[in-house]
Amino acid sequence: MSAQHTDPSEPRRLTDPELIQVHDHAGEEKTDDGGNYQLLPLVLLFLFSGLIFFGGTYLGLFAGHFAPTVHDERGSPMAAVAEVKIDVVAVGKRQYSTTCVGCHQATGLGMAGMFPPLAKSEWVTGSEERLIRVLLHGLSGPVTVDGQQYGSGPTAQAMPAFGPGGAFNWSDDSIAAVLTYIRQEWGNSAPPITAAKVTEVRTKVGAHGAWTAADLEKLP
Amino acid sequence: MSSQPKAIISESDTTSRGPLALLLVSAFGWLILSTVLSLIGTIQLHTPSFLASCAAFTHGRVEAMQESAFIYGWAGNAAFAVSLWLLSALGGSPLRGPGLLATATAFWNLGVTAGVVAIAAGEATSIPFLQMPGYIQPLLFVAAAAITTPGVLAWTGRSTDSTYASQWYAVAAIFLFPWLFSAAQVMLLADPVHGITQTIVAGWFSQNLIALWLLPVALASAYYLVPKLSGRPVAHYQFAKLGFWALVVFGAWTGGRHLIGGPAPVWVPTVAVVALYLLLFHYVIVAVNLPAGLFGWNSSTTLRFVAFGLTAYLLNGLGDVLASSHAINELLDFTYFSVAQGKLLLGGAFSFLIYAAVYEMGPRITGIPWPSAGLIRAHFGVAALGTVVTVLGLAFAGWSQGHALAVTANGFAAIAAAAKPGLLIATAGEFLLLGAAIIAFIHLVRLQVESCCSESVVSDSPAKSAT
Amino acid sequence: MKNGPIFFLCLLASLTFSWAGLALASHRQLSAVAPYYDVAEAKAFPEPMSGIAARGQLVYQDLGCASCHTQQVRRGDLGNDLDRKWGTRQSWARDYIYQGRPQLGLVRVGPDLANVGARLTSAADVYKLLHQGTATMPAYAFLFSESPAGAQTGAIAVGQVDGRQVVPTRRAMDLAAYVLSLNSPHVYGPEAAHNAVKPAAEEHKP
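Protein chains in written order, with this note's numbering: chain A, 1 to 220; chain B, 1001 to 1467; chain C, 2001 to 2206.
Quick caveat, the hints were computed from the structure, so don't treat them as lab data. As the structure is a computational prediction, the values presented were derived from the model and not from experiment. Just so you know, not all the hints are guaranteed correct.
27 angstroms max Cα-Cα, derived BS3-like pairs, lysine-lysine [to be verified]:
(1) K85/A x K197/A
(2) K2043/C x K93/A
(3) K2043/C x K197/A
(4) K93/A x K197/A
(5) K197/A x K120/A
(6) K2043/C x K85/A
(7) K204/A x K218/A
(8) K2043/C x K2085/C
(9) K85/A x K218/A
(10) K2128/C x K2085/C
(11) K1420/B x K2085/C
(12) K93/A x K120/A
(13) K197/A x K218/A
(14) K1420/B x K2043/C
Isolated chain A (complex conformation) (with noise of 0.2 angstroms):
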């Protein structure tokens, strides 16, 4: 450092008032020199325009329309959203696993004398009215199934409602969705049941007690 101070070709530094004064008087420089235009304003203007359109641009191409779901630059809000495919059968199958299995077993047979199988079953392979009216509203009282007599004696139990009102309230959908699962599983090849069919059925009968076998049996 001491050489700077001896050395006569270290420029002068500027003092603080100094500093803005210089600078505020090369503020007000035109920037057209006597008519003929300076490069660099030209320059510059051309950059910043240049980066200006190609900022929009861009922003135009890969901003995915702004939406929140577009995670690709190449993806678009406006496709269409795939529709979700039910698998009825599976649906069912849920169903049945979680609430139905604990009486009928997962071989959907039953237990012998308290709960009647569901394999082999003419009551779930037969009449859909029948079926769709025992699931919404119950079924007590004896039953005769694949030959067997169920729901009498003292180890007598009674099937629940799982309609509307019951302790289940299952939609419609559920209904049809574990009805067509037990009308086709364990050997069972019954036609499956629709949500419009049992929607049909609730409509038609409204709010009941629980069935007894013989009222069912006199349905088609």
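Position chains B and C relative to chain A; hints supplied.
Here is chains B and C on its own, set in the frame of chain A:
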């Protein structure tokens, strides 16, 4: 410059001496601590078992402590000191309320100390640049508001109507910081937003903390020192205004730059990429304005600090743009390369421009020249070498790590082995940086001690003759 | 630049503008992103974090695990995250809606953990990693304590030292629950549709 006796030392410099010296000494103290922590963290990257049995020094906490000590300890204190001093010197008005300023500084440092201790004890928030726990943040906010107020008053109460670029940058920094800081505290800690929104807000905060607080102070220093030390006005000064507004307006939108390919909606990183490109305009204007600083390697040591800082600053701007392109981002995202970028910007650009300002302001606030020109040169040499070695080491480690990561068959042991040479180089660099920080701290303390024993008024030369 | 109030107003405006555009806009937009109800599974995804996992997240953040582990999977044509079996799809914003403090991370010193719950199956796996460490991860000895052999601690012992059994602390159990809860493989309808990209449909970005 014996031709200018008493030259630039004005009353406004010496009245605020106490609080400014307090800010500077604490800043350099924090710099030493953060460099030690950074060194520990880098060693742990290639030797994971280093200090691992101690919960307070587990790698995650070391990084959080290092970041807090660097940002709020070193950068915060130094940015306050430099911006306040510049505003007071250029505005020709002494800083008001030096007592309040000193008290607020003490509380700021108390807060940062408590925050770092809390992180060691396991209270880190895990939010980048906002690691200190929520119960300490209000104290920091009040202290920051009290520290920045005299600066804003020095601007509004300036003696001349005309203003200079350094003043814009400095006043923007200290005026915007409390707003930014409080908004982040509310949205991230007091009543935090959830999910990815939180990540976006955290990105907005951390980028703006750099772009609207730290970098403006560094640029204020560059715009002040270059014409002053070179004796020539800023080239094409009429564009400085555009450069300033380009930084303030576009820099504020870079918050999503680390979310490229990440789980945020794609418009967030896209906006950040556009903002990074638009910032090129700012960098071009800085380069056009300050060639005397950029190429000032052969003049005084102070100007050499400026040259290093400005070069790092422009390189970083270019690096940001390049790293945001998908081809490079795919390779270098999630590697040490981003750590290297951070070191280049904060340890290179910001710190060197601040060192330069400190070497200018030291004699002006104390009234005596720096005790040793040799120590300034040594500081420059060691710090420059340390920064270059650390940044290149980490960049090399990141490059190797990225290539190793890209091969699916590589396990993490192989990836770590690939990155190890670069990390070892970076460790050597960190040792140099620690040496540099200690040199600067000792020199600053010597200056303060000697100024207490001497009442002589000298010129504003950066160092006294023939030490 | 001579006009004080206008200068301050412009400064504040540019900060506020970016705050409104980034912080406020994303807050409004992403708070509307609700759990996705999958009719086929009759369940909403993602599933909320359990209480013990949420406590584990606090351990994760206080140890700063995010400084070495990311929790974000990139899409198939950006990096090899999917090839590394870190996930079956890109991470989407919806995956994080229940996270009070998402831990996205910035550097991958270790593997990504966004779906680590699918790779590690039991707490014992997590304890083993934490207790022994790996070539690239230190052992977290302070997350374990020793108790006399045979003592009923209610925790899985990870090893024996001098006839005493090493058991995870409460914090380690919370952390393991959190780590095991990290898994979001579910494909949400809107994201799947809006990010479906036909290969080479458009030029690669700059």
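Cross-check of the supplied hints:
1. K85/A x K197/A: 20 angstroms, holds
2. K2043/C x K93/A: 15 angstroms, holds
3. K2043/C x K197/A: 25 angstroms, holds
4. K93/A x K197/A: Holds. K93/A to K197/A sits at ~19 angstroms (cutoff 27 angstroms).
5. K197/A x K120/A: Holds. K197/A to K120/A sits at ~23 angstroms (cutoff 27 angstroms).
6. K2043/C x K85/A: 15 angstroms, holds
7. K204/A x K218/A: Satisfied, since the Cα-Cα distance of roughly 16 angstroms is no more than 27 angstroms.
8. K2043/C x K2085/C: 25 angstroms, holds
9. K85/A x K218/A: Answer violated: K85/A to K218/A is near 37 angstroms, above 27 angstroms.
10. K2128/C x K2085/C: 21 angstroms, holds
11. K1420/B x K2085/C: 25 angstroms, holds
12. K93/A x K120/A: 17 angstroms, holds
13. K197/A x K218/A: With Cα atoms ~19 angstroms apart, K197/A and K218/A stay inside 27 angstroms; holds.
14. K1420/B x K2043/C: The hint is violated at about 47 angstroms.
In this structure, the hints that do not hold are numbers 9 and 14, in rising order.
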